[in-house]
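Visitor: Each chain, letter by letter, is given below.
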Amino acid sequence: MNNLMTEINICVATINGTGSQKANIILSKAMMRSGLLVTPKNLFPSNIQGAPTWFYIRSSSYIQLGFKKNVDILINLNISTLSKDIELLNDNGILIVGDNVDLSKFDINKNIKKIKVPFNHLVETCGDTTKNRKFLKNMIYLGFLCYYLQINKELFYESIKNEFNDSEILYQLNKNAFEIGLQWSIENNLNKAINLNKKSKLDRILIDGNSASAIGCLFARAQFVSWYPITPSSSLVEEFIRLKETLTVNDENQDRTFAAIQAEDEIASVCMAIGAGWNGARAFTATSGPGLSLMQEAAGFSYYAEIPVVIFNVQRVGPSTGLPTRSAQSDIFAAAFASHGDTMFPLLFPGDPYESFEFAYQAFNIAEQLQTLIFVMSDLDIGMNMWTIDDLKIPMSSLNRGKIADVNYLENLTAHGEVYHRYSDPDFDGVSYRALPATAHHLAGYLTRGSGHSSQAFYTEDPKEYSVVIEKIKKKISQSAEILPSPIIDNNQSHIGFICYGSASMILEELKLILNQHKIKINYLRIRSWPFSDVVGDFINTHDRVIVLDLNLNSQIYQMLKMQFDFDSYKVRSLCHYNGEPINAETCVKFILALVNEKENRHA
Amino acid sequence: MHNQQLNIDKKSYEGGLSTLCVGCGHDLITGVIKNTLHRMQISPYDIIKMSGIGCSSKTPGYFLNLSQGINSMHGRMAPIATGAYLARNDKYYIGISGDGDTASIGLGGFCHMIRRNPRMVYLVANNGVYGLTKGQFSPTSEIGSFTKTQTSNEFQSVDLCNLALNLGCDFVARAFVGDARQFTHILELAFKHNGLAFIDVVSPCVSFNNHDESQMSFKYVKEHKKTFYEVVDTDSNVSFFERIDEGIYKVKISDNETIFLKSVHDDKFSPKDKKSAFKILEIAKSMKYIPTGLIYLNAQSKNLVQTIRLKKRNLADIDLTSNLFNQNLLSHITNKYK
Numbered sequence: 001m002n003n004l005m006t007e008i009n010i011c012v013a014t015i016n017g018t019g020s021q022k023a024n025i026i027l028s029k030a031m032m033r034s035g036l037l038v039t040p041k042n043l044f045p046s047n048i049q050g051a052p053t054w055f056y057i058r059s060s061s062y063i064q065l066g067f068k069k070n071v072d073i074l075i076n077l078n079i080s081t082l083s084k085d086i087e088l089l090n091d092n093g094i095l096i097v098g099d100n101v102d103l104s105k106f107d108i109n110k111n112i113k114k115i116k117v118p119f120n121h122l123v124e125t126c127g128d129t130t131k132n133r134k135f136l137k138n139m140i141y142l143g144f145l146c147y148y149l150q151i152n153k154e155l156f157y158e159s160i161k162n163e164f165n166d167s168e169i170l171y172q173l174n175k176n177a178f179e180i181g182l183q184w185s186i187e188n189n190l191n192k193a194i195n196l197n198k199k200s201k202l203d204r205i206l207i208d209g210n211s212a213s214a215i216g217c218l219f220a221r222a223q224f225v226s227w228y229p230i231t232p233s234s235s236l237v238e239e240f241i242r243l244k245e246t247l248t249v250n251d252e253n254q255d256r257t258f259a260a261i262q263a264e265d266e267i268a269s270v271c272m273a274i275g276a277g278w279n280g281a282r283a284f285t286a287t288s289g290p291g292l293s294l295m296q297e298a299a300g301f302s303y304y305a306e307i308p309v310v311i312f313n314v315q316r317v318g319p320s321t322g323l324p325t326r327s328a329q330s331d332i333f334a335a336a337f338a339s340h341g342d343t344m345f346p347l348l349f350p351g352d353p354y355e356s357f358e359f360a361y362q363a364f365n366i367a368e369q370l371q372t373l374i375f376v377m378s379d380l381d382i383g384m385n386m387w388t389i390d391d392l393k394i395p396m397s398s399l400n401r402g403k404i405a406d407v408n409y410l411e412n413l414t415a416h417g418e419v420y421h422r423y424s425d426p427d428f429d430g431v432s433y434r435a436l437p438a439t440a441h442h443l444a445g446y447l448t449r450g451s452g453h454s455s456q457a458f459y460t461e462d463p464k465e466y467s468v469v470i471e472k473i474k475k476k477i478s479q480s481a482e483i484l485p486s487p488i489i490d491n492n493q494s495h496i497g498f499i500c501y502g503s504a505s506m507i508l509e510e511l512k513l514i515l516n517q518h519k520i521k522i523n524y525l526r527i528r529s530w531p532f533s534d535v536v537g538d539f540i541n542t543h544d545r546v547i548v549l550d551l552n553l554n555s556q557i558y559q560m561l562k563m564q565f566d567f568d569s570y571k572v573r574s575l576c577h578y579n580g581e582p583i584n585a586e587t588c589v590k591f592i593l594a595l596v597n598e599k600e601n602r603h604a
Numbered sequence: 001m002h003n004q005q006l007n008i009d010k011k012s013y014e015g016g017l018s019t020l021c022v023g024c025g026h027d028l029i030t031g032v033i034k035n036t037l038h039r040m041q042i043s044p045y046d047i048i049k050m051s052g053i054g055c056s057s058k059t060p061g062y063f064l065n066l067s068q069g070i071n072s073m074h075g076r077m078a079p080i081a082t083g084a085y086l087a088r089n090d091k092y093y094i095g096i097s098g099d100g101d102t103a104s105i106g107l108g109g110f111c112h113m114i115r116r117n118p119r120m121v122y123l124v125a126n127n128g129v130y131g132l133t134k135g136q137f138s139p140t141s142e143i144g145s146f147t148k149t150q151t152s153n154e155f156q157s158v159d160l161c162n163l164a165l166n167l168g169c170d171f172v173a174r175a176f177v178g179d180a181r182q183f184t185h186i187l188e189l190a191f192k193h194n195g196l197a198f199i200d201v202v203s204p205c206v207s208f209n210n211h212d213e214s215q216m217s218f219k220y221v222k223e224h225k226k227t228f229y230e231v232v233d234t235d236s237n238v239s240f241f242e243r244i245d246e247g248i249y250k251v252k253i254s255d256n257e258t259i260f261l262k263s264v265h266d267d268k269f270s271p272k273d274k275k276s277a278f279k280i281l282e283i284a285k286s287m288k289y290i291p292t293g294l295i296y297l298n299a300q301s302k303n304l305v306q307t308i309r310l311k312k313r314n315l316a317d318i319d320l321t322s323n324l325f326n327q328n329l330l331s332h333i334t335n336k337y338k
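Chains as they are written, first to last, in the working numbering: chain A, 1 to 604; chain B, 1 to 338.
Please note: incorrect hints may appear among the correct ones.
The calculated label-pair distances, taken between Cβ atoms and stated as ranges, are [unchecked claim]: (1) 155/B <-> 170/A: 56 to 62 Å; (2) 293/A <-> 40/B: 42 to 48 Å; (3) 415/A <-> 324/B: 34 to 40 Å; (4) 132/B <-> 489/A: 52 to 58 Å.
Just so you know, these hints were derived from the structure itself, not from any lab. As the structure is a computational prediction, the values presented were derived from the model and not from experiment. Cβ atoms here follow ideal geometry from the backbone N, Cα and C, with glycine treated the same way.
Please model the entire structure based on the sequences and the hints provided.
Guide: Right, here's the structure in full:
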């Protein structure tokens, strides 16, 4: 390890339920405040207490880094995983364990520096801590890291204060434990401190995508949420409710202006949101794989009856229960073509929590403009991990409720001797005018139905009447790309293109840097919505080779691209990552290098 | 919720032409709904219609064309209606479901809707049979009853009134389409109820379950129907619930309205006593007759909007124009993440 490093990777291996996550968030925030870009990744079990868990914090002063398994510092507070965890340590790395661990039993590279910390003894010196003892251990190692990473301890105080905002006692207790850890490190003259060349503090925040989405929903003026708890989506709804409660229900006597209902299952949660959306509220639900499966029939109803509603699908690894606490992008097909019958739903792919915020805001506009159910396709990595992003700015676009057939609109029709048909296409864009329930006008009444209907919303089995409506709906969705978030392109004058979406975006800066070291330049395109814009097709057409990165086994976005743009499978290659861990840049580098070499061999 | 327009003509409550079988009990329900709402002079613009899927769920197309509504999915009327009600809680809601729609595929939704208690009239057009799929048993078919093709039902039936009572429904009634007078009185009372008003409406299926061995035929129900409490009169300015004479109860159902209930069957029972209600249903079951009329009423029901302290209006009108959502608020929120 150099004294002046450009990056550092820390792993805290512990047992879940011991409070280390809070400590690791404090550490991440202090590092961010010191001017570093931090990438925390929490690999946690589907369990409440007693199972192994790993918290990674990768950090650099220059670029946003992705996930990496090899670490410079390993803090192990879980003996059961120690032998495997040691394998993750880089040569010259640092291993921190309790002083009761007998390291002679383990095969450890001699260059690794071993530090045994008397955690239990140090915790005892913290004062009356019977209840909090196991939590304070975490503050001790924070003290060491503060010393080792040469971070101003005031930044830790601020972060501890931030986390224990509601309790002065807990703040003091944790601060004290942190001090004891720091003091111990100084006194033991560990003398191995590094300097990460921290940049000046920028206007950044460390936030998880679910919280950012919740803020987006708040600013989109969502008034209705119905949900069924499921990892990793629950915190999105809980944060939305918390925000609404604290910001809008100030007074005991004041009635709420929003409704939040915890439903009996995901069938009910999506149905309630559809009922509310139909009745004019801005309504949403949040779910993950198994919940999405249960919502299929209702999604089709919403599609065919043209009812706006937003679903946040925070993806986890499937199939079935799968890996509930691991990330994937494997619900693309299930969401894009949710339900039986001919359907298609616009999908938005936020690439980081900033876009989780922006797209949440936009999703309600899009759902109402298109009068349809729309999916925001987040995943556990964006949703539950914290990302360093720029501080949020209020969205530029204003609220758009789409085409509404209000009393004025209907009066105007009457004055021109025209009639109102709920599902007609007067503007030739496939989007009809929506008369909201209880519109007090004799033309406004109609019965919304999921059964075959004519443009007048009457029941029909007539081939022509049926086709006109179903073709109209298909038209509005197929042509929706222009109002959906457009792809982001990074053009480096290459003939090789790299396409990815969602949380995979996190590796792009690092990937570019490593490929530069290999003297390879490629162009990047980040998909942000489906149906795809023609820009994506042009990107594929204008490159000799294209790599499409999917975080699923079945190449789902690759297949959807192929469906829309019909390309040659030799030219466009699928790269799939699906083991539940966040994607790392090295995996992509290997694939790209192999492809480049393959090409050269072919020419030779 | 008051009558903005007086003298709304009967025509305003009309709907499309029914496509149900000639003589279907459900068409009688449609008639009673139109008449009741006309009698109550509730504006069609203040009414929202809900249904699921099945013969029963087709009926919202046959009344109140001026109103809006949803003919939703099989078994999903309850959650769809709950969401709709919360978004716009200042309207009257009427939902019509069937025995398959409610007691089978939609049973979970039905149970949870009762727990939540939205202000809505929930009718089940109950004929003990799947009509649209041509004559299969439904969960409300009595054990031992036969289909038209002589298949016997081997399984216990679901008594929706009993279930509703059990789950805490504050308004439980049973009507029979063959007694329009009684049904109208119950329905009118249901619209005045401050929560979920559940009415199990026995409505025979003339095509598949009206034969001699059916326990849900017009003939069987007429012969085995017993009324418990009848709404005999309404008055105002009377204090809450009291027994005023043998078999006569006064019930204050809102600030300005009181009804009189007459116990037709047995003065030992009281309509606000849940134990009586369970007893009535038990006795009826063992004696194989069909209890009708009001079975249980708690006039102090607390509906969902009151429970979650929601503003009594259309939610969408509220914060779309608010200027609270500015950069200051956003910065205040994100401060926590710095």
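Visitor: Next step is simple, just say for each hint if it's right about the structure.
Guide: Going through the hints against the structure:
1. 155/B <-> 170/A: 56 to 62 Å: Holds: the Cβ-Cβ distance is about 57 Å, inside 56 to 62 Å.
2. 293/A <-> 40/B: 42 to 48 Å: At 44 Å between Cβs, range holds.
3. 415/A <-> 324/B: 34 to 40 Å: 38 Å, holds
4. 132/B <-> 489/A: 52 to 58 Å: 53 Å, holds
Of the numbered hints stated above, none is contradicted by the structure.
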